[in-house]
Amino acid sequence: MADLDDGDDRFEADVLVIGGGTAGPLAAYKAKAANPALKVVLLEKANVKRSGAIAIGMDGLNNAVVPGFATPEQYVREITIANDGIVDQKAILAYATRSFDMIRELDDWGVKFLKDENGDYDLKKVHHLGTYVLPMPEGGSVKKILYRQLRKAQVLISNRFMATRLLKGADGRIAGAIAVNSRTADILIIRAKAVILATGAAGRLGLPASGYLWGTYENPTNSGDGHAMAFHAGAELTNLECFQINPLIKDYNGPACAYVGGPFGAYTANTQGARFIESDYWSGQMMLEFRKELEGVKGPVFLKFDHLAEETISEVENILHKVERPSRGLFHAGRGTDYRHDMVEMHISEIGFCSGHSASGVWVDEHARTIVPGLYAAGDMASVPHNYMLGAFVNGAIAGKDAAALAGSTDLADYDPHDVETERARVRVPLNNEDGLPPNQVEYKIRRLVNDYLQPPKVTRKYEIAQRRFAEIRADLPRLVARDAHELMRALEVHSILDCADMAAAASLYRTESRWGLYHYRLDYPEQDDANWFCHVQLFKDEKGAIALKKRPVDPYVVPVEATQKDAYHRLRIPTPA
Amino acid sequence: MPFAENPSEFPVKIDHDKCIADKGCTVCVDVCPLDVLRINPETGKAHMRYDECWYCLPCQLDCPTKAVTVTIPYLLR
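Residue numbers (this note's numbering), protein chains in the order written: chain Z, 199 to 776; chain D, 345 to 421.
Just chain D, with the same shape it has in the complex (with noise of 0.2 Å):
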C-alpha cells in the first residue's frame, strides 16, 4: 500500500442482523449515487468502503429490511 492510513468515522451503517445481502439482496450498492457501499465477502453483508458520502439516503430509504441507517458526517454535524 503506497499510502498512509486516514481513519474517518463511516456516516453508513448496516445491521447485519437485518441485512439480506448474503441472500442475493444488492439493493443499496445499486442505488448509491457515490457507489460506496460493497458486499463484503467474508460475512455476506454490505458496507460502507469508501467515505464519500453526500448523506442523501437512497440507500436507507430503498433497503427492503431496513437494515441501513445513514448518520450525518461527523465534519458537519
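Only chain Z is shown next, with the shape it has when bound in the complex (with noise of 0.2 Å):
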C-alpha cells in the first residue's frame, strides 16, 4: 500500500460489524458462534452498553411467531398485505421461520417473556388480522443480556467509531471499511472478508415539530450514515419512498404505545373519546386515517385511557414508564397528565426512513446480503419490512451465520490506496477550516426544508423545489467547521443526512403513483397504479456518482394471498353512521 506512514490505524478482520444496537450484536454474536477462529469485530459509534433503538430496552416483541397463535406463512400473509403487496416474501419467511428459535434462544439468555399460568408465552392481538404481540414486562435488561453474550463469545468491540465510508477490492468485494473516532477525531481503517452493516434507521432525516433536533422518534444517534454509505458503496436501495411516519405522543415524540395499551384496553381515539380505526398497528393506510383525523373537525388524536381500571393504569404505567422511552412518566407529569383522568394528545412524526415499521432500506434477500459481494445489511437499515426489534435480532443473525461461511472461504480483497485518500482528505475538511458554517446550523436548515417539502402528501413540485434547495446546500458542505472531534461527528453526520434528504427525494419522485397510505401519498397522482407500479424502486448510484432509478419485479409469491383479503389494510377506517 502507498499511504502506509500517514499515521492512520490499522486493523484486519474476518467479519466487521457496523453498528451495536440491536441487530448488529446478533451478527457478531452469531458469526462468532458459528466459527470461533474468526476475528470478528463490532464497531460502534456510541458504545454498546446502551446504543441503538433499544438503548434503554423494548417493552415487547411486536412480530413475534409463535406455534399456536400463527404460522410463518400466516404471518407472511399479513406483512405482505400491509405492504400493499410490495415485498420481498422469501426474506420475510426466511424471518418468520425463525422468529421462533430466537424467541427461546433469548428467553435462555434471561430475557423475560410474559407468559401465562401454565407458562407458555401469552401473546396479544394488535396486527389487523393475526397475533404476535409478545410483551416483556422487564425488557430493560435486554441490553446488558447482549452484552454478555458478546463478552462471553469474544467478539472485539470498539466503541465511539463512526464508520464513514466502506471499501472495496478492484473486483468489486468488500474489502472492509474507514471510520473515525468520535473522541480523537483518529482515522481507523479496517479490512475485513465480510462486512455487516447495521446502523440503524436514518432517524434525523426530519425535523421534529418541536423543533428540537436531537428530539427524534429514532435514536438520534442513527443518522442514516449506514444507508449513504450502503449508497456509495454500490449497493441498491429499495423502496425509499416508503416513508417512515408514526403516531407518537405530541411533543414528547415517544412512542404512544398502543401496541402495549391495547392489549389493555387503551386506544386510539378523536377528541370525543371514540374510536375511529379498526386496528391501531402501525401502517401506511393507518397513519393516512390517523392524519385526517389529526387534521379534522374531530381532532387531534389520543390515546385513551381513562375508561380504564386503576390497576390496569397502574400495570400499564409499570411497562411504559419503565422501558423503551422511560422519560416519559417524566414527561406526562410536568404538564399534570394522568392516564386515570386526562387521555394522552397525540401527532405525527417527522419521516424517516427505518424498515422496522415500513418497508424501506438496504436491498437485502433471505440471506441478507446486498448486491456487493460480501457486505451484508441487517435490522432498521435493510429492507425486510416491519422488521421490528426481532426481525433485528433475526436477521443479524442470519447475515452473521453467511457472513462467517463466506470469511471462512475467502481472503481479504486490496482496496484502492486512493479511495483511502479522498476519504482523508472529506473527513478532514471541518477540522482544517477556521471559519464557516457549524454542523448543527446546516442540520437544521437541511431537516426543516424536508419538513417544508417532503412531508407527505407528496406534491411534484414542492419535490423539486426541494432538490434545488439540497443542491444548494451540498454545495456549503466544505465550508462545514468541527471544533473538535465531536463536531467533526455531528459534520459527517450530516453529509449523511443530505445524501438521505437526496434519495427520499428522487425516489418519491420516481414513484408517479399512490400507495403505502401516507407513506406515499402523492396528491398529483392519488390513485394506487398497479399496472405500472407493482414493483420495487431500486436506487443506486451511476457512473457519474449520481442517483438513478429502476424497477425490480416483486419475485412470485412463496406464500398466496387471496384476492379477497389483498386490501384488508384499506378498510381501517371504523364507518360512522349518516
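No wet-lab data here; the hints were simulated from the structure. Because the structure is a prediction, the values reported are computed rather than measured.
Only part of the chain Z face toward chain D is listed, based on derived beta-carbon distances under 7 Å:
hint : residue
1    : K247
2    : R248
3    : A253
4    : Y410
5    : G413
6    : N417
7    : P418
8    : L528
9    : F529
10   : P636
Cβ coordinates follow ideal geometry from the N, Cα and C atoms, glycine included.
If you follow the hints, you should be able to join the two separate chains into one complex; please do so.
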C-alpha cells in the first residue's frame, strides 16, 4: 500500500459489523458462534452497552411468530397485505421461520417474556388480522443481556467509532471500512472479508415538530450513515419513497404505545373519545386515517386510558414508564397528565427511513446479502419490512452466519489506496476550516426543508424545489467547521443526512402513483397504479456518481394471498353513521 | 471562536456532592448514546457539554451514586 506512513491506525478482521445496537450484536455473536476461529469486530458509534433503538430496552416483541398463535405463512401473508403487496416474501419467510427459535434463545439468555399460568408465551393481538405481540415486562435489561453474550463469545468491541465509508476491491468485493473516532478524530482503516451494516434507521431526516434536532422518534445517533455508505459503495436501496411516519405522543415524540396499551383496553381516539380506526397496528393506511382525524374537526388524536380500572392503569404505567422511553412518566408529570382522567395528545412523527416499521432500506435477500459481494445489511436499515426488534435480531443472526461462512472461505480484498486518500481528505475538511458553517445549523436547515417539502402528502413541484435547495446546501458542505472530534462526527453525519434527503426526494418523484397510505401519498398521482407500479423501486449510484433509479419486479409469492384479503388494510376506518 | 453564542438550558444536571468522577468514575460519559457528557478537568465532576439530549436516561439510571438528573428539554416540556 502506498499510504503506510500516514499515521492512520490499521486493523484486519474476518467479519466487521458496523453498528452495535440490535441487529449488530446478534450478527457479531452468530458469526463468532458459527466459527470461533474468526476475528469478529463490532464497531459502534456510541457504546454497545447503551446504543441503538433499544438503548433502554424494549417493552415487547411486535412480530413474534409463535406456534399455536400463528404460522410463518400467516405472518408473511399479513405483512404482504400491510405493505400493499410490494414485498420480497422469501426474506419475510426467512425471518418468520426463525422467529420462534430466536425467542427461545433470548429466553435462555435471560430475556423475560410474558407467560400465562402454564408457562406458555402470552401473546396479544394488535395487528389487523393475526396475533403477534409478546410483551416483555422486564424489557429494560435486553442490552445488558446482549452485552454479556458478546463478552462470552469474545467478540472484539470498538466503541466511539463512526464508520464513514466502505472500501471495495478492484474485483467489486467488499474490502473493509474507514472509521473516525468521535473522541480523538483518529482515522481507523479496517480490512475485512465480510462487512455487515447494522446502523439503524435514518432517524434524523425530518425535523420533529418541536424544532429540537435531538427530539426525534428514533435514537438520534441513527443518522442514516449506513444508508449513505451503502449507496456510495454501489449497493441498491429499495422503496425509499415508503417513508416511516409514526403516531407519537405530541412534543415528547416517543411512541404512545397502543401496542402496549391496546391489549389492556386502551385505544387511539379522536377528541370525542371515540375510536376511528379498527387496528392500532402501524401501517401507511393507518397513518393516513390518523392524519385525516388529526387535521379534521374531530382532531386532534389521543391515546385513551381513562376508562380503564385503576389496577390496569398502574400495570400499564409500570411498563410504559420503565422501558423503551422511560422519561415518558417525567414528561406526563410535567404537564399534569394522568392516564386516569386525561387522554394523551398524539401527533405524527417527522419522516425517516426505517424498515422496522415501514419497508424501505438497503436491498437484501433472504440471506441478508446486498448486491455488493461480501456486504450484508440487517435491522432497521435493511429492506425486510416491519422488522421491529425481533426482526433485527433474526436478520442480524442470518447475516452473521452467512458472513462467517464467506469469511472462512475467502481472503481479504485489496482496497484502492486512492479511495482512502479521498476519504481522509473529506473527513479532515471540517477540522481544517477555521471559519464557516457549524454542523447544527446546516443540519437544521436540511431537516426543516425536508419538513417543508418532503413531508406527505407529496407534491411534485415541492419536491423539485427541495432538490434545488438540497443542491445548494451540498455546495455548502465543504464549509462545515468542526472545533473538536465531537463536532466532526456531527459534520460527517450532516453529509449522511443530506444524502438521505436527496434519496428520499428522488425515490418519491420516481414512483408516479400513491401507495402505502400516507407513506407515499402523492396529491398529483392520488391512485394506486398496479399496472405500472406493482414493483420495487431500486435506487443506486450511477457511473457519474449521481442517483439513478429502476424498477425491480416483485418476485413470485411463496405464500399465496387471496384476492379477498388483499385490501384488508384499506378498510381500517370505522364507518360513521350518516 | 468563529461562532455566535446561542445559549440553551442543559437537560442533564449533575449533583457535584454525589458525583464521584474525580475518583475515576466515567459511567455516565460512557453510556450516553449521543456522547454529550464530559468530565470537567477543573472540578473533576461530570457535566453536559453538548445540547444534544434524547432524554433517554442511561446516564441517570446507570449512575452508581444517583448524581444525575435528566429533565425533558425545555422545547418539548
